Structures are given as C-alpha cells and as structure tokens.
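Put chain B on the given structure of chain A with help from the hints.
Protein chains: 2
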Amino acid sequence: MSNPVLVEVTRGKIVESRHRGLVVAVDGDGKTVFSLGDTDAAVFPRSACKAMQALPLMETGAADAYGFGNRELALACSSHNGEPEHVALAAAMLSAAGQDVSVLECGEHWSFSQETLIAQARTLQHPAQLHNNCSGKHAGFICACCHGGQETSGYVDYDHPLQREIRGVMEALTGAALGEDNCGIDGCSIPTYAVPLKGLAHGFAKMATGTGLESMRAKASRRLIEACMAEPFYVAGTKRACTRLMQAAPGRIFAKTGAEGVFCAAIPEKGIAIALKCEDGTTRAAEAMIAATLARFFTNEPDLHANLMAQANHTMKNWNGLAVGDVRVTGAFAA
Amino acid sequence: MSNPVLVEVTRGKIVESRHRGLVVAVDGDGKTVFSLGDTDAAVFPRSACKAMQALPLMETGAADAYGFGNRELALACSSHNGEPEHVALAAAMLSAAGQDVSVLECGEHWSFSQETLIAQARTLQHPAQLHNNCSGKHAGFICACCHGGQETSGYVDYDHPLQREIRGVMEALTGAALGEDNCGIDGCSIPTYAVPLKGLAHGFAKMATGTGLESMRAKASRRLIEACMAEPFYVAGTKRACTRLMQAAPGRIFAKTGAEGVFCAAIPEKGIAIALKCEDGTTRAAEAMIAATLARFFTNEPDLHANLMAQANHTMKNWNGLAVGDVRVTGAFAA
Chain A
55 MSNPVLVEVT RGKIVESRHR GLVVAVDGDG KTVFSLGDTD AAVFPRSACK
105 AMQALPLMET GAADAYGFGN RELALACSSH NGEPEHVALA AAMLSAAGQD
155 VSVLECGEHW SFSQETLIAQ ARTLQHPAQL HNNCSGKHAG FICACCHGGQ
205 ETSGYVDYDH PLQREIRGVM EALTGAALGE DNCGIDGCSI PTYAVPLKGL
255 AHGFAKMATG TGLESMRAKA SRRLIEACMA EPFYVAGTKR ACTRLMQAAP
305 GRIFAKTGAE GVFCAAIPEK GIAIALKCED GTTRAAEAMI AATLARFFTN
355 EPDLHANLMA QANHTMKNWN GLAVGDVRVT GAFAA
Chain B
55 MSNPVLVEVT RGKIVESRHR GLVVAVDGDG KTVFSLGDTD AAVFPRSACK
105 AMQALPLMET GAADAYGFGN RELALACSSH NGEPEHVALA AAMLSAAGQD
155 VSVLECGEHW SFSQETLIAQ ARTLQHPAQL HNNCSGKHAG FICACCHGGQ
205 ETSGYVDYDH PLQREIRGVM EALTGAALGE DNCGIDGCSI PTYAVPLKGL
255 AHGFAKMATG TGLESMRAKA SRRLIEACMA EPFYVAGTKR ACTRLMQAAP
305 GRIFAKTGAE GVFCAAIPEK GIAIALKCED GTTRAAEAMI AATLARFFTN
355 EPDLHANLMA QANHTMKNWN GLAVGDVRVT GAFAA
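Keeping their order, the protein sequence lines are chains A and B. Using this note's numbering, read the first sequence as starting at 55 and increasing by one per residue. Using this note's numbering, read the second sequence as starting at 55 and increasing by one per residue.
Warning: the hint list may mix true and false statements.
You can't tell identical chains apart in this list, so a pair holds if it fits in one copy or across any two.
Derived lysine to aspartate or glutamate pairs resembling EDC-like cross-links, with alpha carbons at most 20 Å apart [stated by the list, open to error]: (1) K324 <-> D154; (2) K67 <-> D213; (3) K293 <-> E159; (4) K293 <-> E137; (5) K67 <-> D235; (6) K371 <-> D211; (7) K371 <-> E62; (8) K371 <-> E162; (9) K273 <-> D94.
Treat the hints as calculated values from the structure; they're not laboratory data. Note that this is a predicted model, so its numbers are computed, not measured.
For reference, chain A alone in the conformation it holds in the complex:
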C-alpha cells in the first residue's frame, strides 16, 4: 500500500516536493482514534522512544537516589542541541553517580543546530561525548547501571543487562516481540527495535494514562512525561520543534522526535498518544505532521489550535528574507 502524501512544499504557485507518511493516534486501550497510511508497518522509533528507555533510571530508584529533578529527567529523555546548559547538566548527572565523560559510549558529534555549532566551533577544537545529542540519555543509563550495581562498560550492547531490561520494558509497552530480527544499531550505538507504529503509539498512551501498567511503572512513566512537559528546553533546545510544541501548551502536551522522520506525542488530559513517521525520513515533514495531528485534539481552543497549525503550515524565506513558498499539511489531516 502507498502511504498518502501528508505534507507539500510549495514554491510560487507550484508544489515542489511531497512527503508521504503514516500517522496514528490511540487511547490507553490501544483503540485507534485517528489514522493515516499503513499504521501496522514497523518503524524504528529511534530517539522518539527515549522516555521509554529512561524507565529503568526511574524504576531502579537511581533517579531518586541521585536527587534528580525535572531537568535531569527531561535531559534523560532528550535529543538535545548540545547547548551549554545541556552539556553541563549531562556532566552533573554523571558526577552524581561518581562518573565522568570517559564512561560514555555514545560517540562524539558537533551540534545539529547551526547556531550552536558555530558557538562550539569557536570554543572547541573537537566536540566531546557530552556534546552528543544523546548524552543525557546515556548519562541516565550510566546512573541506572551504577545505582543497580551493574558494570557500566559495554552498557550500549544488545546483551548488557540494561539493554535487556529496556528491551523488556519496550516489549511490555508496545506489545511487540523484540529481538535480533527487528533490531538495528542507533546513531549512539544502542539497540533500536522496529515496532508497528500503532504499538509505539499505544506504548506512549499507556505511559500517559497509566492504563494497564503496574503502579510503579505507571508512576515512573507519568513522572518522566511530566518532567519533559515541565522542562521542554532540556528535551531539545532553542528553536527546536519538541520544545516549541510543548511550550504551546505548558504541562499539557508531551512531544519527542526521532531520527528519520519519527515523532511521538501524548496529550495526557485527552488520554491519547500519537506516533508517526514520514516515509522518506525528513524532519521538516514529520514536524508539520505532528503539529497538525496535535491540533486536531484542540479544535475547541482557538489560540492553541492556531499556534499548532502555525507550526504545521509555515512560510519559507530565502537568504534575502523573501517568501519563496510554504511547508503545509494536506487535506488528509482535516478528515
């Protein structure tokens, strides 16, 4: 089946590029409340599932033992820009567990944010692992290992106890069987598992509502999602979509992106969660799709609806500041 065109990019009066995708919103029972495209298809959640991967940090008691508040928990679920605040907090989390940057196994890269990259280039010879967009998640991994008495070395490996634990958490949340056959290696070297899009959404709906979760997991899930909603800058950073979406409705929307055009979100008060993937992996399209999908649930709040739709549909300007075209969602979202 061909997934529908969900985002168009125009220039002048003409559609220049088209993005297809699959989108699903489900409630805590896994009932679909909105869907577009083949939502049974398996997708790698990539970084969109970091809040799921942070559950061991909570459930082992490590987060409480190290005194982590909303910012640390948000950073553990983040794909951050590597701005100074992100880097410093990741270092502080490692320090709380008596560790430092040398135990990280995520690799090094310059910031994906051009503004931050320029600042980094002017002050650093080379980025360190703390600048990796996943350093907060990895710092959380290290804390979970240290508090639980696990060896930190090799914590990214498929067979390390932490990754086995995460695999179990994700199987329980998504309802998908995870193993070598649907496993890939993520950018930061940990395992990532392709799961049906609907299962991914259901996992976040369980986290947001507590439906079907044992009490400790329900509480840990709620705590992580609330931390992200309370500190959206620490989930992403300046000008980033995750941050802007959560800032649009403080404490009411959770949103997290993943590489290759994935986005997950939850609206706890509505009891629903969303998962989507742009078929071609493009970020600009995934961002438009998640904003438009979220907007569907706020038609009775005109200002919030308009804010979200302005994130979905926006004008592109060229180097001279001239409006040259638009990114816009298609009629599929109005259905």
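The following block gives chain B in isolation, referenced to the frame of chain A:
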C-alpha cells in the same frame, strides 16, 4: 500516478526510509532512452540548470573579454561549498568586471559543508555574499551585465534584461513556455521556472551534443560543460557529489545538483543527458539516483561502473564508526 520507490535506506535487516522519484535520460533529439516515474511532471531545476543560466555570460562575449578560463566558467555554473578557493575566485571574477561584493544580490549564508562551516565560524563574524553557494553564478551574471552595458542593480528581478534573456535561453533549450505561472523565486532570489523533467533533460542533451542549436550556442554550451568537467572542484567542492561524479570519469561526465532533490547530468560521448528529481526533495536520494542512472551507460567499463555504483549504494556509519545500514537504489534501475 505514484512515482516508484527508487532509493531505500536500511537499518539492520529492515528498510527504515523510502524515497520515490522520477528519472529520465534522453538523446539530442529528445528521444527517451531510460525513464522511471512521471517524467512529464514539471519540476523546478533550481541550481541544476546553472550551466543554462551561464549561457549569456558566454554568448555576450563577456567571458572572453574578461579572460575567463575553465575555473571561472565552472564557478559560474557552480553551487560551491564556500571554500577559500571558491570565494577568492568569485571575488576575482567581479574584480575583472570592475565590481566587488557590494553589487551582489544573492544574500549571505554559512557553508552547507560542515567542515567548511567550522572553518568559517573560526575566522568570520558573519558570512558575506561571496560565501553564498551561488556567488560564482552571480559573479557571472554581473560580468554579463557589465560587458553588455546593462544596469547591474536589480539583475535578479524577473523583468531585468538579463533574466529575460535567461528565460529565452531556457525556453529554447527545454521547449517549455516560461512565465509568471510556472515561476518561483530561488534561494538566491533569481527566478526559477518549473519545466517538465523530460524537457530539462532534453535541454542538457542539446547542450552536450549541439543538436538543434545554432553554432554560437552550441559552442558556448560545449565550452561550459567542458569547463565543469575539467574543474569539478569549482562546480561544488570537497566531498561533494557533483565533484566526485565528474572525477569518476574525467572529461566524460557532467553532473550538477539542485536543491530539493534535483540532479542533471550529461555524457557527451554517448550523446545523452539525464534529469531527475527525488519526490521528497532529499539530497542523499537524488545523489544515489544520479549515480545509478549514470552507471547504466558504463556497463562495458567495469571499474567506472563499480565506482559509480559505489556512489549509489553505500554504508552509513554512526558516531562510533559502526555500520548501521545502507543507502541503496532499488531494482528499478536494473530494468
């Protein structure tokens, strides 16, 4: 009609993202020799047609009057990285016409190449218009205006004599009627016109073969294409696809990319040219598509064929240097 999936991006054993596209190769008479997808669809060539836009620089006699050689002509057809050699040569071209950076109307941006951007950030407070990837094309425009006695101010505007001349050149080459209805504004503020993909390919086939062109245009076209093939670094830069494709067969392959997933190429000795667009505008996919299409014409040269296919199909590594998946063209190219 749905354009076919032409490029897949894998992770582990699973296809993570898919890119659709349209591809056509034609001869000098406009006869299609290979095609995939809806090749009658209108696409904005964007920077892929810079060699067409450079024809007035040749045909007015400006290039000869200012003593331009292969490097200057290649830069006039380029989307360069803003490396020091590119910036210096664009400045020298302006200087030959008695002008400087202040006459440019292309706008300013940091290099799209991360390596160059880092170097720029360490030496510049802010990029200048000479760093714009289009500065060579714009320097060529200024030279054409100055030599022809045209006002340079407003040379990017739809109604400026230079843009009218370029519109006429492109209509003659592509066979498409160009006007307000199929006009958009490009990143560097000049008009860009959506033309049927097949017409775009035919225009380059005419340039590469001279078929149907009057003698002066045939000679000017040949000269520009030969200049690009002789100086591929000046058409793009370090590690860039255009440069690597032309280096694969020195003096035998012309290749030029454009924004939003467009690529054009020509193989003069085979009498053909290629135009393609990735439906979703993604560069990685357009690069794979053009390499695979070019490879089809060199099946009798195993080393060159292998070189091109290695540019089409390649492994992606993560921040730790681990192989995580592949970019690969689909079976559509084998047909």
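Here's how the hints hold up against the structure:
no., hint, result
1, K324 <-> D154, "neither (41 Å within a copy, 60 Å between copies)"
2, K67 <-> D213, "between (54 Å within a copy, 19 Å between copies)"
3, K293 <-> E159, "neither (28 Å within a copy, 28 Å between copies)"
4, K293 <-> E137, "within (12 Å within a copy, 28 Å between copies)"
5, K67 <-> D235, "between (46 Å within a copy, 7 Å between copies)"
6, K371 <-> D211, "between (44 Å within a copy, 17 Å between copies)"
7, K371 <-> E62, "within (16 Å within a copy, 30 Å between copies)"
8, K371 <-> E162, "between (32 Å within a copy, 13 Å between copies)"
9, K273 <-> D94, "neither (29 Å within a copy, 57 Å between copies)"
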